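The hints should help you fit chain B onto chain A, whose structure is shown.
Here the protein sequences come in this chain order: A and B.
Quick note: the first sequence uses our numbering, first residue 1, plus one each step.
Quick note: the second sequence uses our numbering, first residue 1, plus one each step.
These are computed hints drawn from the structure, not numbers from a lab.
Certain hints may be false.
A pair counts as met if it fits within one copy or between any two copies, since identical chains are not told apart.
[What the hints assert, rightly or not] Subject to a maximum C-alpha distance of 25 Å in a straight line, what follows is the list of computed DSS-like cross-link-like pairs (lysine-lysine):
| # | residue 1 | residue 2 |
| --- | --- | --- |
| 1 | Lys148 | Lys27 |
| 2 | Lys248 | Lys259 |
| 3 | Lys244 | Lys105 |
| 4 | Lys208 | Lys248 |
As the structure is a prediction and not an experimental result, all values here were calculated from the model.
There are 2 protein chains.
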Amino acid sequence: MIIELLVIGNEILIGKTQDTNSNWIVKRIAKYGHKTRRITVIGDEIEEISSAIQEILNRKPDMIITCGGLGPTFDDMTNEAVAKGLGRKLVLNEHAYNSIKKAYKRAYEQGIVKLDGMTKEREKMAYMPDGSTPLPNTKGTAPGVKIKQNKINIYILPGVPNEMKTIFRNVILPILKDKQGKFYQKGFIFSGIGESHIAPYVTELEEKYPDLWIKTHPRIGLSVEVEISITCFDKDTCEENINKALKKLKQIVKELDGKIIKQNT
Amino acid sequence: MIIELLVIGNEILIGKTQDTNSNWIVKRIAKYGHKTRRITVIGDEIEEISSAIQEILNRKPDMIITCGGLGPTFDDMTNEAVAKGLGRKLVLNEHAYNSIKKAYKRAYEQGIVKLDGMTKEREKMAYMPDGSTPLPNTKGTAPGVKIKQNKINIYILPGVPNEMKTIFRNVILPILKDKQGKFYQKGFIFSGIGESHIAPYVTELEEKYPDLWIKTHPRIGLSVEVEISITCFDKDTCEENINKALKKLKQIVKELDGKIIKQNT
Numbered sequence: 001m002i003i004e005l006l007v008i009g010n011e012i013l014i015g016k017t018q019d020t021n022s023n024w025i026v027k028r029i030a031k032y033g034h035k036t037r038r039i040t041v042i043g044d045e046i047e048e049i050s051s052a053i054q055e056i057l058n059r060k061p062d063m064i065i066t067c068g069g070l071g072p073t074f075d076d077m078t079n080e081a082v083a084k085g086l087g088r089k090l091v092l093n094e095h096a097y098n099s100i101k102k103a104y105k106r107a108y109e110q111g112i113v114k115l116d117g118m119t120k121e122r123e124k125m126a127y128m129p130d131g132s133t134p135l136p137n138t139k140g141t142a143p144g145v146k147i148k149q150n151k152i153n154i155y156i157l158p159g160v161p162n163e164m165k166t167i168f169r170n171v172i173l174p175i176l177k178d179k180q181g182k183f184y185q186k187g188f189i190f191s192g193i194g195e196s197h198i199a200p201y202v203t204e205l206e207e208k209y210p211d212l213w214i215k216t217h218p219r220i221g222l223s224v225e226v227e228i229s230i231t232c233f234d235k236d237t238c239e240e241n242i243n244k245a246l247k248k249l250k251q252i253v254k255e256l257d258g259k260i261i262k263q264n265t
Numbered sequence: 001m002i003i004e005l006l007v008i009g010n011e012i013l014i015g016k017t018q019d020t021n022s023n024w025i026v027k028r029i030a031k032y033g034h035k036t037r038r039i040t041v042i043g044d045e046i047e048e049i050s051s052a053i054q055e056i057l058n059r060k061p062d063m064i065i066t067c068g069g070l071g072p073t074f075d076d077m078t079n080e081a082v083a084k085g086l087g088r089k090l091v092l093n094e095h096a097y098n099s100i101k102k103a104y105k106r107a108y109e110q111g112i113v114k115l116d117g118m119t120k121e122r123e124k125m126a127y128m129p130d131g132s133t134p135l136p137n138t139k140g141t142a143p144g145v146k147i148k149q150n151k152i153n154i155y156i157l158p159g160v161p162n163e164m165k166t167i168f169r170n171v172i173l174p175i176l177k178d179k180q181g182k183f184y185q186k187g188f189i190f191s192g193i194g195e196s197h198i199a200p201y202v203t204e205l206e207e208k209y210p211d212l213w214i215k216t217h218p219r220i221g222l223s224v225e226v227e228i229s230i231t232c233f234d235k236d237t238c239e240e241n242i243n244k245a246l247k248k249l250k251q252i253v254k255e256l257d258g259k260i261i262k263q264n265t
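If we strip away everything but chain A, and leave its shape as in the complex, we get (with noise of 0.2 Å):
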C-alpha cells in the first residue's frame, strides 16, 4: 500500500513540540512492507487542513493517517476541517457521544475530573464528517475516526501519542499486516573511505540490482565513519540480492583499504 500522513499541529510548527509521531508510524509502515509516500505538516486552521486532504486525496495513496486537532478545545479542528475538505457535512455521532459520555462518568466517578456530564467542549469531540466509524479511544477521551472517500481509506487520529498509538495498533496495525509485503534492511558500517570514493561502486550496484535503495550516510565529519543501508521493498529477490550487495561492498572496502568497524546495522 502507498500511504501519506497529515501531521496536524501549531505545536509542531513552532518548535515546541518535536513530532515522533510520523517516525513511530513509518516504522511500522515500513515494516510491514508499505510504503510512505509523503508526510505533510500543517497548523491548526480550516482552509489549511482541508485544503491539505484535497491535494493528498488527488494524489490517490491507498491510505490517509492523520494525526493531531482531535481534543475538546476550540483550537481542535481537524473534524471539521476534513468534512469540509471531503464535502461532507459534519454530524454528530451517536455512538461516539455515548462512548465520550461514558468515560466522562467514569473519570468522574473516580475523581479524575471535576465536572459532570457533558459539555459543548465535550459533545465537540463527537462531531465527524457524515459516514464516519468512529474509533475506541481507551487512552484519552477523544474517538478517532475512520472513513472512506473515493476508495482510500482515512483514519485520523489523536496527536496524543499513547492514544495515538493505541488505535493504531488495535485498528491500523492489523490492516498493514494483512496486505503484507516484504522490507528488508541491511547495512553496515566502515571508517576510512569517504562517501564519495565508495559512490561509483554504490552506482554499479543500483543499475545491477534496481530493487535495491542502497544509501549512505557519513557519520563524522568529512565521511571519516560511513554508513551503508540497503533497502529493499516487496519484491522475492530482495533478501538475495541484499546479500550479493552487501558482500561485494564489504569486499571492495577492504580492497580499498577501509575497515569495516560493525558488520550488521
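Showing chain B alone in chain A's frame:
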C-alpha cells in the same frame, strides 16, 4: 515572513532516521517572529521532489528551505530535481566546483580521505540549478544552494545536521533577524481540572484576544495534568494581552479548585 520547509530523504520515510532538522529550524523561524506554514517530507525521487517544489512555489511563501539530498551518491538528487521543478538547467557551478576540489585536496593531505582529486561523484555536488549561488559548507563538502524564483528565496541545505546548522546560522539566521517580527510564548501547568473543563474559558479568552493562540496540552492520561501555553505573533499588544490572559486563566484554575503546579513554562 511565511516560510515552508521541504525535507528530503527516504531514510526519514522508512523511519530509519527521526527528522530533527525541522524542529531545530522551525524553532528559530518562530523565535524571530516568522511563520512556518508547512513542512513537507518526501523521498529521494526526481518527480516527487520537482512536483513538491512546484506546489510550494504555487502557495507563494516568502522563503523555501529544503534539507537533504546534496551528497555525492546516485540517490542524492535534490539539485537535479529542484532544477527540474523550477524549469531550469542543471549546470556546473565553477565556484562550487573549486571549493569542493579544495575541500577534498585538504582532506586528502590531512589523510582524512584516501582518494585524491575530483571524481564524477565529487563533481556532481557542484551541479546546481542555473542561476544558483553556492553556500559554503565548512563542515562537509556538499555546498548549499541559494536561488530565487518568482521573488521567492529558496535555500537548499544538506541533511547532515551539523552541516545544515552551520549554513543556516551563517546564511538564513541573519535574514530572519533582519526581518524580525515579534514572537511571544508563555504558559503554565495545572492539575486537578480536565482540558474540557477549562475549554470554554479558553474559547472566551480567544474571542476576547483574537491575536492570541491559546493551546491546552493534556500531559497525563485523562487530563490530570494540563499545560496551557499562549503564543502570539508580531503584534504590539502581544505581551500585554498574553499577561492579561494568563492572569485570568490562573484565576479560573484556582476558582475551579485546580492547582497550578508550574507557574512558568
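Right, here's what the structure says about each hint:
Taking the closest pair of Cα atoms, lysine 148 and lysine 27 come within 25 Å of each other only inside a single copy of the chain (24 Å); across copies the shortest separation is 36 Å, beyond that limit. For a Cα distance limit of 25 Å, the shortest separation of lysine 248 from lysine 259 inside one copy, 14 Å, qualifies, whereas the shortest one across copies, 64 Å, does not. In this assembly of identical chains, lysine 244 and lysine 105 lie within 25 Å of each other by CA distance neither inside one copy nor across copies; the values are 60 Å within and 34 Å between. Taking the shortest alpha-carbon separations for lysine 208 and lysine 248, only the intra-copy value of 12 Å comes in at or below 25 Å, while the best inter-copy value is 67 Å.
Hint compliance for this structure: hint 3 alone is broken.
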